[in-house]
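There are 2 protein chains.
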Amino acid sequence: MSAPSHLDRAPSLADVLAHRLEHDIAQGHYAPGEKLPSEQQLATTYGVSRPIVREAIGRLKHDGLVTSRQGSGAFVAESGGASVFRLDVSNFKDRQEIESLIELLMAIESSATELAAQRRTDQDLIAIGNQLEAMQAAIERGDSGVDEDVAFHQAIVEATKNPFFMDLSTFLDRRVRHFIRTARANTAKLQTGHMMAVQDEHRDIFNAIRDRDAQGARQAAENHLKQAAQRLAIYMKPV
Amino acid sequence: MSAPSHLDRAPSLADVLAHRLEHDIAQGHYAPGEKLPSEQQLATTYGVSRPIVREAIGRLKHDGLVTSRQGSGAFVAESGGASVFRLDVSNFKDRQEIESLIELLMAIESSATELAAQRRTDQDLIAIGNQLEAMQAAIERGDSGVDEDVAFHQAIVEATKNPFFMDLSTFLDRRVRHFIRTARANTAKLQTGHMMAVQDEHRDIFNAIRDRDAQGARQAAENHLKQAAQRLAIYMKPV
DNA sequence: ATAACCAAGTTGCCTGACAAGATGGCAACT
DNA sequence: AGTTGCCATCTTGTCAGGCAACTTGGTTAT
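Protein sequence lines correspond, in order, to chains Z and X.
Using our numbering, read the first sequence as starting at -15 and increasing by one per residue.
Using our numbering, read the second sequence as starting at -15 and increasing by one per residue.
Rather than coming from a laboratory, the hints here were simulated on the basis of the structure.
In this text the structure is predicted, and so the values were computed from the model without any measurement.
Cβ atoms here follow ideal geometry from the backbone N, Cα and C, with glycine treated the same way.
One or more of the hints may lead you astray.
[What the hints assert, rightly or not] Derived SDA-like pairs: lysine to any residue, alpha-carbon spacing no greater than 20 Å straight-line:
#  : chain 1 : residue 1 : chain 2 : residue 2
1  : Z       : Lys45     : X       : Pro35
2  : X       : Lys45     : Z       : Arg38
3  : Z       : Lys45     : X       : Asp72
4  : X       : Lys145    : Z       : Ile86
5  : Z       : Lys145    : X       : Asp197
6  : Z       : Lys45     : X       : Arg70
7  : Z       : Lys210    : X       : Pro35
8  : X       : Lys45     : Z       : Pro(-5)
9  : X       : Lys45     : Z       : Asp(-1)
10 : Z       : Lys45     : X       : Arg4
11 : X       : Lys210    : Z       : Gln203
12 : Z       : Lys45     : Z       : Pro21
13 : X       : Lys19     : X       : Asp78
14 : Z       : Lys145    : X       : Ser84
15 : Z       : Lys145    : Z       : Ile110
16 : X       : Lys145    : Z       : Val73
17 : X       : Lys210    : Z       : Pro21
18 : X       : Lys210    : X       : Val160
19 : Z       : Lys210    : X       : Gly200
20 : X       : Lys45     : Z       : Ile86
21 : X       : Lys210    : Z       : Gln199
22 : Z       : Lys19     : Z       : His7
23 : Z       : Lys145    : X       : Arg79
24 : Z       : Lys210    : Z       : Met179
25 : X       : Lys45     : Z       : Leu(-3)
26 : X       : Lys145    : Z       : Ser84
27 : Z       : Lys210    : X       : Asp197
28 : X       : Lys145    : Z       : Asp197
29 : X       : Lys210    : Z       : Arg103
30 : Z       : Lys45     : X       : Arg158
31 : X       : Lys210    : Z       : Lys210
32 : X       : Lys45     : Z       : Ala198
33 : Z       : Lys210    : X       : Arg202
34 : Z       : Lys19     : Z       : Thr51
35 : X       : Lys45     : Z       : Gln203
36 : X       : Lys45     : X       : Asp78
[What the hints assert, rightly or not] Computed footprint of chain X on chain Z; a stretch qualifies when at least three of its residues, placed anywhere within it, have a C-beta under 8 Å from a C-beta of chain X:
#  : stretch
37 : 3 to 13
38 : 112 to 126
39 : 146 to 155
40 : 183 to 191
Based on the sequences and whatever the hints tell you, model everything.
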């Protein structure tokens, strides 16, 4: 079935070529705006076939590092560097990586909560309140409430109206939530006492947002995330 | 939302196919761990050739959405969602987007400064101090000092030892700096008075980091970024 | 000199083919 | 029977060659 015993699969030729070109561009070997060699030429110099070159270049195009014009050639993108940022998270649960990820999540979420308090519309507030109630219902139902927890934070982030916050938060929440799930499967320890605390912290955040108290919202969010990180630490295996 | 409405260029077949598969996976049309149709099959069903299918799937692999095993097939990745986050920034001067970007930058940078104050080694402090002096030299030289400014912040972020902060900050700094450069080319207005203020704010940050005053570092950073945003607003064209 | 034009180069895409790895079933053996 | 070993078959990875659409720069004709 799954059992993804990921031995490092051999990198494909397109992989190594893409990385090589990427490296050459970053190193300034090809200047911005410069035309890079034709596919045929790259194929011969690197000893691979043209489809491989196409795949590699296609990847760079996708990452905004080069743009190509039919009939003309491929050019490395101007405007210093890529127009898309890639955040690679190795699926592997490396403790260090998870902690770094959580730090980033805390930074994003606390700022987002502050902004949400400043900008929330009445509709935003209603949405956040609904998620708060959904969380309450989950608790009384005896559910894990992880999904509702995430939804609550998502509703807050959406009130910022900042797409970057929204996207990043979605991604990070997903990641961390996934980590929690897999980790919890090992320890299998339910903590209903914790959830009451979570809900109290959530309520503080909600009240601050309701009152448009930006500073208070930030502090409430920081407090909540700090507590959450501590609760989470239980699931972390000691190194 | 992130409609790739690249007006300049018609989307390639691989593009549309990749987006389509991406959409199907996100929509749950293909479950995690499920094997998706063979390349040949996809080629016939979508009416394109196998190389195109390969390119599209290669892109999804690159983004961590699917994994493929030679001889077996391609499977959509487990672990809820992608393992890489893509932040697409349309290269061009959309005021809304720049403001959102700057907000994100402020969130990252102020948190990073706080962390840096907690974790800095003596070596980190020296590196940051060096950049501070370089900035001073640039001012006295009459330079723009944008590069030195960025380098100062980079040195701080590196002191966090958090790779995600480092990478994201690098990207955002690059983007914003690029915006400043192009915008400044229009207004072409040098502001030596501003730079003295910048330097003062930088010094406050430095001192707080030196004293390991996390709270003070955060406040100094927030103050600096707030001021910087206001100075930057000059370059923003009214909508 | 200027304008139309054509040939070479380049990307976008296709067909066909072979090698390497994986899978499932069939046959042989215990 | 149950297990083991082998093989046909499928799938991905890679290659070769070729045609169409487009860009570019020089050449020719006016």
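Given pair status - Arg79/X, Lys145/Z, alpha carbons within 20 Å:
holds (14 Å)
Per-stretch coverage check for the stretch 3 to 13 of chain Z, three Cβ contacts closer than 8 Å to chain X:
violated (count 0)
Apply the coverage criterion to the stretch 112 to 126 of chain Z and chain X: a residue qualifies when its Cβ sits closer than 8 Å to a Cβ of the chain, and three qualifying residues are needed.
violated (count 0)
Keeping to a limit of 20 Å between CA atoms, is the pair of Lys145/Z and Ile110/Z held or broken?
This hinted pair holds, its Cα atoms lying about 15 Å apart.
Can you tell me if the stretch 183 to 191 of chain Z counts as covered by chain X, using C-beta to C-beta distances under 8 Å and a minimum of three residues?
violated (count 0)
Would the hint linking Lys45/Z and Pro21/Z be met if the CA-CA limit is 20 Å?
Holds: Lys45/Z and Pro21/Z sit about 15 Å apart, inside 20 Å.
Distance restraint between Lys145/Z and Asp197/X, which requires alpha-carbon spacing of 20 Å or less
violated (32 Å)
Does Arg202/X lie within 20 Å of Lys210/Z when you go C-alpha to C-alpha?
holds (17 Å)
Within a Cα-Cα threshold of 20 Å, do Lys45/X and Ile86/Z meet the stated pairing?
violated (25 Å)
Would the pair Lys145/Z and Ser84/X pass a check requiring their Cα atoms to be no farther apart than 20 Å?
Roughly 9 Å separates the two Cα atoms, so the pair holds.
Compare the distance between the alpha carbons of Lys145/X and Asp197/Z with 20 Å, and conclude whether the hinted pair is satisfied.
violated (32 Å)
Holds or violated: are the alpha carbons of Lys145/X and Ile86/Z at most 20 Å from each other?
holds (14 Å)
The structure fails to meet hints 5, 7, 13, 17, 20, 28, 31, 32, 35, 36, 37, 38 and 40 from the earlier list, while all remaining hints are met.
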